[in-house]
Amino acid sequence: METLFTPFASFGGGLLIGLGAVLLMLGLGRILGATGIMSGLVFAENGDEFGWRAAMVVGMIVAPGLIFWVTGAMPELSVPVSPAMIVIGGVIVGFGASLGSGCTSGHGVCGLSRLSVRSIVAVPTFMLTAAITVYLIRHVFGA
Amino acid sequence: MKLIFALFTGLVFGTGIAISGMMNPAKVLNFFDVLGTWDPSLAFVMGGAVVITFIGYRLVWRRDAPLFGGRFQVPTSNAIDARLIGGSAIFGIGWGIAGFCPGAAIPALGTGRWEVLLFLVAVTAGFYVRRLIAAIQTGAKAA
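Chains as they are written, first to last, in my numbering: chain P, 1 to 143; chain R, 144 to 286.
These are computed hints drawn from the structure, not numbers from a lab.
This list has only true hints and no planted wrong ones.
Taking beta-carbon pairs under 8 Å as the criterion, some of the chain R residues facing chain P (in silico): (1) 162; (2) 221; (3) 230.
Cβ atoms here follow ideal geometry from the backbone N, Cα and C, with glycine treated the same way.
So that you can see chain R by itself, here it is in the shape it has in the complex:
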């Protein structure tokens, strides 16, 4: 039941991504191209998503626990550090180059376009690069 719920959640999210235009790199890159072929549509995506989530989270948190047990797991850190700022800055550069972000590319896989698969394989490679560097740093500290 929990898995069916998760699948349905993914379907709702993915349908939203598809309708919103987020899975269209031409639209995403135009959103950032303020001085060129600007298309401000994606500001409306973020607006709609944040309105619902802001209200919805507060209603959900009136409960003691999630429907399928466990507890609400929300990040508690407030640390503004170099990893947060540097990582976010780097992420934005990649987003501006490719026009896809992970949350848009996963549903976009369902269109069957090879470019989407290529992007997600590259993202996975990026995860491994980050792991590798972290492992080297930990090793250097231990040694």
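Only chain P is shown next, with the shape it has when bound in the complex:
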């Protein structure tokens, strides 16, 4: 399925993603990593760390509604894979991101901006395996 090339919307969205990361560092002194925030909520070890993570997640979830309110349309979301692939992919994402200590936001946005050596290794690694996976699924197995 083709999707439209949207360099301006994507760059603008990226600026806001970065602004979110900078604000969290300014206010709370923390890296904005979705895996860390999510696993911090799931395994809530202490109450103080739970509160800001929960508040952030609420803010994130409100965002599509805000866009709907302003523009009259929900952000585009089409899922070209089966429910089974969502479940399998999800378990693999959760396992891998917690093992590798980060995902696209923590290693990608925050880690690269900090010039973290670990993130400079992690990001090309997951980009490459994602591209190989998509290639195999679409062009070798023909799903």
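We have chain P; now place chain R onto it with these hints.
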């Protein structure tokens, strides 16, 4: 006040994710499908996000401490180990299968689509698998 700030930060991040196209698995998978229906938009997301975060972090770190107290908590490890590379490689495979990553899926929950909830439940299951394996390894070492 700290919680309201965290909520606002989440809202900014989530709005960026929504505008950028990151929460649309069709777009994400096309970004990786270089030899098929390639859509390079998401490179612009990462570009925008890293530009702002790279500059913003450096401005923020001129302060002695975050606005709401405590200290700046930035990972200090430089260890390039099997967990980092293996975990990142595994994360990329899951991302390539499902088309969602955690930072995109959390805001996407706000669209009310069931596929997003299914993905996040699966990610949580993946966190537990990782915990379970770590616990077994620790137990094996102790025994």
